[in-house]
Amino acid sequence: MGENVKLAFIVQKPQYKGETSRLGITHAISYQTVEILLEDGELVTPTLCFVGEGVLGLQKGQKAMDMYGVTSSETHIKNALLVDLDVFICKEDLAKYGIPEDSLPDAEEMGADKKLQIVPYSEIQKAIEESKHVMFF
Amino acid sequence: MGTLTIGCFPGLVGNMTYDFALKLADVAATKGHKVNIWFSGNATGSVKNHQKHLKDYSTGEKYLTALLAKGVEICTCEACTVARGIQKTDAIEKVQWNAMHWYLAKVHKSDRVLQIGGE
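One line per chain: the protein sequences are P and F, in this order.
Sequential numbering from 1 applies to the first sequence in my numbering.
Sequential numbering from 1 applies to the second sequence in my numbering.
Looking at chain P on its own, in the form it has when it is part of the complex (with noise of 0.2 Å):
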């Protein structure tokens, strides 16, 4: 049996203020597609997680496309937890900013199963932990 590797894709820059954040995203979500690349069994177990000025940016209705014609985070995000990514949220940092917890987006209407997880930060604390890479976007 192949090594599940898992991985820590933390973001802690704002989406749309520099092209790193979103790569956070991009970059996890191509987990999808690793398998053609590893042996048989083997597995990389990503966690998406969203701590201090990374938690800005996220919410939904955004207008990226019609105003900047560029997919946006909302989009993105979405997309993550319709290949069944573990997307955590820091639940102080969304309390910092004032950003209430119900104006993140959900991908229900795309047929995701999972959901964005509100977390606090000792969660993500220790999904950094349980994994063997951690990267900082």
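One or more of the hints may lead you astray.
Stated by the list, open to error - Calculated pairs, SDA-like style, for lysine to any residue (alpha carbon to alpha carbon, straight line, at most 25 Å):
hint, chain 1, residue 1, chain 2, residue 2
1, P, Lys6, F, Lys109
2, P, Lys132, F, Glu73
3, P, Lys17, F, Met16
4, P, Lys132, F, Val13
5, P, Lys132, F, Lys34
Unchecked claim - From the derived model, a few chain P residues whose C-beta atoms are all more than 10 Å from chain F:
hint, residue
6, Ile29
7, Asp40
8, Leu56
9, Asp86
10, Leu94
Don't read these hints as lab results, they were simulated from the structure.
Glycine residues also receive a C-beta, built at the ideal position from the N, C-alpha and C atoms.
Start from chain P and add chain F according to the hints.
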């Protein structure tokens, strides 16, 4: 000997973190470690060939070519690269082109991963 994979996201010109990534890769490869480098974001602009090394600016081509000769695997994110107007025919030879799963596959087999974030 171990395997080190470096995810490099910053642009070639404008800061020294890109320069640091290449120097670290060189030291690790010289010590005999297996080294992989993944370029994403603005770092992908550095795979353009025929770079002119002006002394006021960092340069990538000379160092990338040397790393490739040492057996370092270097791959650029195809989407990030073509979005910047660079085609394979304009790129440094032997740099691989692939998608983000290349990076995750290398990470899977690595003893250490260094993620050097971009702008």
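Hints that the structure is at odds with (numbers, increasing): Failing hints, ascending: 4 and 6.
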